[in-house]
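Protein chains in written order, with the working numbering: chain A, 1 to 907; chain B, 1 to 907.
It should be emphasised that the hints constitute simulated quantities derived from the structure, not laboratory data. Some clues are possibly wrong.
Which residues of chain A face chain B? A few of them, derived with a C-beta cut under 10 Å, are [as the list claims (entries may be wrong)]: (1) Asp434; (2) Pro650; (3) Glu654; (4) Ala660; (5) Leu689; (6) Gly690; (7) Arg695; (8) Glu771; (9) Arg774; (10) Ala776; (11) Leu777; (12) Gly802; (13) Arg805; (14) Asn811; (15) Phe812; (16) Arg819.
To be clear about the criterion: a stretch of chain B counts as covered by chain A if any three or more of its residues have a C-beta under 8 Å from a C-beta of chain A, and this derived list gives those stretches [stated by the list, open to error]: (17) 411-425; (18) 684-693; (19) 738-751; (20) 774-785; (21) 802-815.
C-beta atoms are modelled at their ideal positions from N, C-alpha and C, and glycine is treated no differently.
2 protein chains.
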Amino acid sequence: MPASDMRYVYDFTEGGMKQKDLLGGKGANLAEMTRMGLPVPPGFTITTDACRHFLTEGAPPADLSDQVHAALRLLEQQAGRALGSESDPLLVSVRSGAKFSMPGMMDTVLDIGLNDTTVPAVAERTGDAHFAWDSYRRLIQMFAKTVLGVPGGLFEEALDRAVRDNGLTADVDLPVAALQELVAEYQGLVLRETGAEFPQDPDRQLMMAILAVFESWNTDRARLYRRQERIPHDLGTAVNVQMMVFGNLGEDSGTGVAFTRDPATGASGVYGDYLADAQGEDVVSGIRNTLPLAALGELDPAAYQQLLSIMSQLEEHYRDLCDIEFTIQEGVLWMLQTRIGKRTAAAAFRIAVHLVDEGLIDMDEAMRRVTGQQLSQLMFPQFDLTQGAAVLTTGMGASPGAATGVIVFDSETAVARAAGGEESILVRRETNPDDLPGMVAAAGILTSRGGKTSHAAVVARGMGKTAVCGAEELDIDYDAGTVTLAGGEVLREGDTISIDGASGKVYAGRLPVAPSAVVKYFDGGIDAAYDHADAPTRDLVSAVDRIMRHADEVRRLGVRANADTAEDADRARRMGAGGIGLCRTEHMFLGERKHLVEQLILAESVAEREAAFAELLPLQRKDFIRILERMDGLPVTIRLLDPPLHEFLPDLTELSVRVAVAEQRGESQQNDLRLLAAVRRHHEANPMLGLRGVRLGLVLPGLFALQVRAIAEAACFRQRLGGDPRAEIMIPLVGSVQELELVIDEAAGVLRSVAESHGCSLQFPIGTMIELPRAALTAGQIAEAAEFFSFGTNDLTQTTWGFSRDDVEANFFSAYLERGVFGVSPFESIDEAGVGRLVRLAADEGRAVRPTLGLGVCGEHGGDPDSVGFFDRAGLDYVSCSPFRVPVARLAAGRSALPDSSDADTR
Amino acid sequence: MPASDMRYVYDFTEGGMKQKDLLGGKGANLAEMTRMGLPVPPGFTITTDACRHFLTEGAPPADLSDQVHAALRLLEQQAGRALGSESDPLLVSVRSGAKFSMPGMMDTVLDIGLNDTTVPAVAERTGDAHFAWDSYRRLIQMFAKTVLGVPGGLFEEALDRAVRDNGLTADVDLPVAALQELVAEYQGLVLRETGAEFPQDPDRQLMMAILAVFESWNTDRARLYRRQERIPHDLGTAVNVQMMVFGNLGEDSGTGVAFTRDPATGASGVYGDYLADAQGEDVVSGIRNTLPLAALGELDPAAYQQLLSIMSQLEEHYRDLCDIEFTIQEGVLWMLQTRIGKRTAAAAFRIAVHLVDEGLIDMDEAMRRVTGQQLSQLMFPQFDLTQGAAVLTTGMGASPGAATGVIVFDSETAVARAAGGEESILVRRETNPDDLPGMVAAAGILTSRGGKTSHAAVVARGMGKTAVCGAEELDIDYDAGTVTLAGGEVLREGDTISIDGASGKVYAGRLPVAPSAVVKYFDGGIDAAYDHADAPTRDLVSAVDRIMRHADEVRRLGVRANADTAEDADRARRMGAGGIGLCRTEHMFLGERKHLVEQLILAESVAEREAAFAELLPLQRKDFIRILERMDGLPVTIRLLDPPLHEFLPDLTELSVRVAVAEQRGESQQNDLRLLAAVRRHHEANPMLGLRGVRLGLVLPGLFALQVRAIAEAACFRQRLGGDPRAEIMIPLVGSVQELELVIDEAAGVLRSVAESHGCSLQFPIGTMIELPRAALTAGQIAEAAEFFSFGTNDLTQTTWGFSRDDVEANFFSAYLERGVFGVSPFESIDEAGVGRLVRLAADEGRAVRPTLGLGVCGEHGGDPDSVGFFDRAGLDYVSCSPFRVPVARLAAGRSALPDSSDADTR
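Sequences are here, hints too, so could you generate the full structure?
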């Protein structure tokens with residue numbers, strides 16, 4: 001393809017917000033604002049096509065330079081000044097702008113166009129020589145570092161030296177002469193380090209900066225970020241070239257950021273910060289105290305009114321909360337950026353519904369604007385901040401929740417405090433697998449290093465434990481047993497703190513925890529949630545209510561709950577579950593019944609075994625009666641016993657030590673010896689891959705028959721009382737249709753015999769978990785026997801990846817996340833390429849054989865919003881998750897049903 | 001489809017040997033002999049189509065009865081007598097005959113056509129009233145039991161009573177009158193038990209017997225057998241109806257079985273047994289002593305010559321060893337059956353090559369006639385029986401090999417004897433997981449119960465340990481510590497016995513073990529094998545040599561060996577390996593190097609870890625130099641470290657007990673405590689799914705780089721000496737392309753740097769194991785980075801099925817085999833539907849992305865003949881197996897290359 005056929009440069013007047021693929025997010029929005037007639041400094045965008053060409057061919061397109069210069073000539077016309085002009089020089093910024101916001105890439109080079117001859121012209125035009133020379137100094141420093149690759153430290157040292165030599169403390173006070181000397185020194189540095197002069201030709205400056213942006217697409221950090229976020233490596237970035245405007249040219253200049261609504265609460269009305277006589281970086285850096293946006297109304301009423309009008313125009317146009325950056329140069333307002341603004345979870349719900357009421361969007365679109373993750377955040381308990389609370393520091397919200405406890409610095413102390421009934425917060429620089437017992441024992445975890453993929457964060461999320469990570473201001477001294485705050489304040493072991501795992505805030509003392517209003521709503525309905533609530537809370541609850549109703553209306557996918565007890569079943573119904581997708585029967589072998597299981601395992605004769613079964617039968621029957629009663633009329637999928645028998649026995653190492661110690665002491669221990677023999681016999685090297693599930697059912701005669709009988713008798717009992725019990729019997733860990741056929745033969749016989757002897761009808765479907773790769777791979781065979789499949793994606797992930805969840809999350813998942821092997825733990829969100837492929841394959845091949853085959857999922861992925869969308873697309877009938885996640889799954893299922901939801905996700 | 005269009009009955013004159021699907025094996029061969037003009041009693045075959053109709057519709061085809069009667073009329077014409085005739089009645093047999101020989105089905109009903117009115121006629125025609133009435137008695141008994149389902153015990157009791165009442169000891173002596181009374185009693189029994197008279201109508205007798213054969217296709221035992229042997233359930237059986245002939249009508253009658261060559265040794269010349277005045281069942285039951293076939297030459301020279309001529313004709317016709325059954329009725333020879341004869345492994349090889357030399361078959365066909373299993377049997381050491389040896393009893397050869405040792409009855413004693421350096425044979429009624437330590441410690445295992453799928457058999461084969469199972473004559477008394485032989489002889493603990501795991505024979509005393517001549521041949525060439533060998537052995541070695549050469553000529557599939565040391569590499573070359581497909585590096589961290597690994601694990605600083613690496617580097621380099629030297633010019637696939645670190649540390653339970661005991665004793669144990677902390681830190685709940693393979697390589701910086709450096713430096717060393725080192729670097733346990741890319745980046749850097757600093761060229765391919773389902777499922781992605789795949793089917797089987805081999809074989813595989821969940825352990829032979837599907841998918845999708853992708857397999861399946869055929873069909877480049885299995889794999893690869901090998905397998 002001849003390069004000359006391809007267009008690589010678009011003026012801002014030509015593009016639009018739908019062209020993010022070609023122009024990047026920033027460029028598309030700048031073009032959109034330009035086309036709306038808003039005051040945007042003129043400029044143009046170099047497309048991602050050009051970047052891709054550069055990345056694959058190793059050189060820019062042959063005519064890129066020509067196209068850039070043509071666009072530049074147009075820009076010069078629009079600006080009324082020319083790059084490199086010695087009278088009124090145009091200065092431009094060069095900014096990267098990919099489709100997705102992406103850290104790690106070269107961000108910005110400002111003031112391109114300054115050189116030895118244009119500096120005096122700028123000084124003269126602005127009447128501010130200090131400004132001109134300081135800008136030039138900054139250009140050389142930034143250009144050398146990011147475009148030429150000269151170590152930035154060299155320039156910082158030179159600057160520090162100049163400040164010292166002039167007897168000053170801050171560089172802003174440097175006199176013009178000193179800045180001029182510094183410019184000369186910087187130029188010498190560039191020559192020394194690169195062997196070439198700092199480029200004086202503004203055109204060369206510009207082209208070099210553009211190519212440097214292209215190159216920065218492939219820095220290690222950028223690549224890592226893309227791996228983690230699953231952004232394709234071949235997208236490339238666009239580059240925006242724009243006329244510079246200056247907010248630091250006196251009191252009639254200034255700069256600010258603003259939101260069209262409050263992004264923290266969702267309340268209507270503009271919201272933002274303004275700083276007079278300043279540039280954008282000053283606002284962001286927080287060196288100077290900003291004023292609330294309203295102050296601009298006093299300083300420059302005209303500009304303020306113009307700004308308000310623009311913001312209103314933008315919101316109407318984008319139909320969403322927008323955030324903007326603007327600059328006022330000598331009384332003239334310029335829009336530098338706009339984008340859809342980030343917001344808190346509560347704000348997301350409130351804004352979405354407000355926009356509906358304002359007629360800007362419909363309910364479908366409102367549902368697209370909120371996520372399952374946001375709903376989930378709203379369901380965690382939150383600190384009650386109405387009394388005010390001192391924020392000690394802020395880290396990253398790494399695992400949501402609200403935790404309070406005394407500071408401990410090591411795992412042992414956390415365990416000891418927990419044993420004494422005391423809640424603690426484990427405070428570490430970072431954690432590693434040795435800290436695991438302490439992480440289990442503590443109420444929350446606070447680290448000073450590492451981000452959302454750090455060991456602490458990954459493990460805490462896996463446990464559902466509150467964590468704040470990377471609170472970098474904290475100075476932790478293990479030896480001294482102290483943690484020092486930024487302000488110098490010192491906390492010690494035993495001091496009480498509170499951490500908020502959603503916001504990342506760390507508070508002094510014990511804060512009261514307020515139950516979530518949203519949970520109150522799900523648990524008790526809208527009236528219960530309104531009770532004693534303030535107006536914003538009521539508004540939030542109402543927004544959640546409206547969106548949930550809409551989700552339930554539009555969703556195709558059913559949502560059930562995992563519930564093992566009558567209490568869980570109650571909560572499941574309240575949370576809106578359409579049945580129980582996984583009722584585990586393990587707990588029916590625990591507690592006071594454990595001795596019966598031990599008797600079963602130690603049984604030396606059929607009679608002894610049958611006796612244990614006989615005692616277990618009425619107990620299990622009672623359990624099933626209670627659950628079937630609570631879920632009357634709804635399906636209850638009951639899984640026959642899954643875990644290996646030795647889970648009901650003592651730990652081998654502990655028992656071995658006890659026996660050996662007793663032997664040393666010469667103490668009698670007949671029972672222990674007998675138990676030890678049994679434990680040894682049942683010990684397995686890899687119990688996850690051992691004698692459990694259907695294997696146990698086939699090897700231990702009578703076990704599954706006992707459970708099926710208990711279910712059947714419970715159902716008959718319910719039927720006699722006029723109930724509508726809807727049990728579904730599920731066989732775990734099936735790998736081949738032969739296993740399933742043997743169990744089905746046995747179970748069907750039991751059902752028939754109970755139905756006959758009790759005179760009731762038991763048409764219960766019998767199905768299987770699909771939780772082994774082989775079950776998925778032979779799903780066509782298995783569907784000949786199974787009436788339904790339930791994907792056990794926890795186990796399926798374990799065997800597909802070869803990951804034992806107990807071992808790997810603590811041992812190396814943080815390293816994997818940091819090195820970008822995956823962007824999210826495959827236990828958190830379904831791995832579509834591997835595990836997901838098996839799910840699709842099994843669903844398709846199973847349905848091909850048996851079109852009426854029921855399909856569900858009961859792994860923890862059933863409550864993960866991203867995974868729910870996948871299961872919907874894979875054609876499953878329902879997801880099942882913990883009762884608490886049911887609303888999240890309902891919302892995710894609703895969003896998944898929207899026609900173009902995947903586009904909306906990447907807004 | 002109107003049933004009348006379908007033909008369900010074929011006269012013997014109409015069918016042929018290629019119609020086994022339709023007529024079953026027996027029917028096809030009877031038809032073939034009939035068409036050859038051999039003296040076969042006339043008859044006809046009812047097809048498997050009819051059986052399938054009966055099984056699916058629950059009733060026979062509407063016109064089956066008409067077709068049977070038409071065929072019967074033809075048979076009567078051929079026989080010259082009629083069913084039910086009161087003058088010269090025709091009697092017929094009804095026999096099942098499926099495509100595959102199959103135990104558990106109804107076998108035979110003889111003498112159909114006898115009833116109250118035909119019995120006297122038979123008595124008169126044969127002049128033998130005793131024969132006639134005894135035949136009638138037997139018909140009623142057999143018919144009642146197998147067709148009518150009356151318990152057989154009732155008839156046996158009546159018979160015993162008659163013998164007693166007549167003051168006799170054997171039923172053959174019963175006078176005719178007593179037999180007549182017995183017939184009356186039997187008829188009364190039938191009426192009482194079934195509510196209906198014993199059918200007098202011969203036509204009804206016939207149709208009832210035919211349908212009973214159909215029904216017997218679905219007995220539990222038949223279904224189980226088919227599950228175990230992977231025979232489809234919907235094949236159905238054929239039924240053969242044939243004129244009865246009698247070998248028990250005096251001294252000019254008789255019956256025999258014969259082989260056209262010696263099936264034990266393969267020597268040329270007929271071979272068989274003959275019994276005058278007897279029926280076939282008398283030969284098989286062994287009640288009377290048979291004569292060698294040659295004796296017939298004296299008794300009836302004409303019949304003998306005719307028989308020899310027929311046998312020669314059959315062999316020429318079938319081009320293979322045939323076994324036959326024949327009967328002589330009053331001087332007239334009748335052929336009752338022929339089929340391809342079973343033979344020993346040695347006979348298979350010798351006969352195949354003899355047939356080539358006789359011009360009957362070509363070398364392709366000769367290779368089809370031998371199996372990898374047979375070659376494998378010939379490679380086990382065998383007892384030297386030249387001095388004679390007393391056979392104590394014979395069981396089932398369950399796991400091949402030759403073992404000698406003292407009798408022990410329990411696991412503890414076996415372990416204790418082994419600790420004392422004494423070899424033992426563990427003698428048990430049956431084994432269970434508790435016996436595992438004893439099975440490991442003993443030289444061999446002998447059980448009195450259970451077959452080839454029993455726990456003892458499955459576990460022994462998994463361990464490669466010699467076992468004889470189901471030696472049912474043995475009476476084992478654990479309490480007395482004795483085993484009593486059939487003859488009453490008693491053996492005690494400590495007595496020495498020898499067991500042959502191929503033949504199932506148990507010998508008294510210690511037998512000398514003769515090394516396999518075939519192994520000598522592979523190890524040292526044909527001359528070494530000929531040395532001191534007798535003529536049959538030389539003939540065998542020559543046959544093996546010719547067939548192996550042919551296999552190497554025709555095979556497409558390469559065969560490599562798994563070898564970790566120079567010694568293994570030597571043996572691999574001798575056995576004909578074309579390279580090393582798996583060189584494990586684990587052993588390079590063992591032995592005296594273990595302290596370095598401990599140092600590595602306990603390292604608390606980077607410096608300590610690097611110090612351990614520095615010491616390991618020259619040791620590993622030396623290992624690689626030696627292997628690359630032995631395999632000069634051939635590929636050597638080196639796998640980087642695979643097992644988890646804690647395999648190099650003491651066992652948690654043992655160490656915990658040691659520490660606890662020492663604590664009790666107040667003994668100091670600083671080191672142990674430090675070690676225990678490390679062991680606890682590295683302990684994993686499911687190490688198979690834990691921190692190992694590429695995970696360890698990514699988490700422990702420097703480990704893989706060390707290994708790659710050692711390989712690179714070793715290769716440079718070999719190159720400087722003029723060698724041709726061809727290393728291939730293999731990364732274990734990869735689940736995602738990201739892992740592989742990270743390791744390849746690191747490894748490629750090391751290779752580059754070593755190549756530069758040593759001035760050598762290191763173009764070594766870097767590839768990966770495919771041993772996790774996810775790796776197979778994302779093979780298309782992984783092939784972007786990997787230059788080759790090696791399927792680790794052991795691990796792939798573990799994760800695809802969710803079976804930890806260490807746990808499941810001992811715990812429940814025998815139950816699974818017995819219940820027919822699978823016919824063979826998926827660790828022995830590749831599971832094509834599950835694991836095999838992943839292999840095909842990964843091979844296809846990998847090659848689609850990278851057409852030059854190398855494909856091999858290095859699991860133990862690489863040495864399993866059945867699996868080798870699968871890998872060949874899946875398009876792999878090579879299999880790799882233990883050096884000892886290389887010849888077996890070569891042969892299997894050769895057979896797999898033959899055009900219609902899969903047909904030949906099912907002959």
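Status of each hint after checking the structure:
Annotation: Asp434/A was flagged as interfacial toward chain B, and the flag holds, the nearest CB pair being 6 Å apart, inside 10 Å. The interface hint given for Pro650/A is broken, as the beta carbon of that residue sits about 12 Å from the closest beta carbon of chain B, more than 10 Å. Because the smallest distance between the Cβ of Glu654/A and any Cβ of chain B comes to about 8 Å, under 10 Å, the interface hint for this residue holds. Because the closest C-beta pair between Ala660/A and chain B is about 4 Å apart, less than 10 Å, the hint holds.
Given the 10 Å rule on beta carbons, the hint for Leu689/A holds: about 4 Å separates it from the nearest Cβ of chain B. The interface hint given for Gly690/A holds, since its Cβ lies 4 Å from the closest Cβ of chain B, which is under the 10 Å cut-off. Proximity of Arg695/A to chain B holds as hinted, the smallest CB-CB distance being about 6 Å (cut-off 10 Å). The interface hint given for Glu771/A is met, as the beta carbon of that residue sits about 8 Å from the closest beta carbon of chain B, less than 10 Å.
Of the supplied interface hints, the one on Arg774/A holds, with its beta-carbon coming within about 4 Å of a beta-carbon of chain B, less than 10 Å. At a threshold of 10 Å, the smallest CB-CB gap from Ala776/A to chain B is about 9 Å, leaving the interface hint in force. For Leu777/A, the interface hint holds, the least distance from its beta-carbon to any beta-carbon of chain B being 5 Å, beneath 10 Å. Here the hint on Gly802/A is kept, as its CB sits about 4 Å from the closest CB of chain B, short of 10 Å.
Here the hint on Arg805/A is kept, as its CB sits about 9 Å from the closest CB of chain B, short of 10 Å. At its closest, the beta carbon of Asn811/A sits 5 Å from a beta carbon of chain B; the interface hint therefore holds under the 10 Å criterion. Interface restraint check for Phe812/A: the shortest CB-CB distance to chain B comes to about 5 Å, inside 10 Å, so the restraint holds. A hinted interface residue such as Arg819/A counts as satisfied when its beta carbon comes closer than 10 Å to some beta carbon of chain B; here the least separation is about 6 Å, so the hint holds.
Counting residues of the region 411-425 of chain B whose CB falls under 8 Å from any CB of chain A gives 0; the rule of at least 3 is not met. With 8 residues bearing a CB less than 8 Å from a CB of chain A, the region 684-693 of chain B meets the requirement of three and the coverage assertion stands. Coverage of the region 738-751 of chain B by chain A holds in this model, with 3 residues showing a Cβ closer than 8 Å to a Cβ of that chain against a need of three. Interface restraint, the region 774-785 of chain B with chain A: holds (4 residues with C-beta to C-beta distance below 8 Å; minimum three).
Beta-carbon proximity to chain A at under 8 Å applies to 9 residues in the region 802-815 of chain B; the threshold of 3 is reached and the given coverage holds.
Violation of the numbered hints given earlier is confined to hints 2, 17; the remaining hints are satisfied by the structure.
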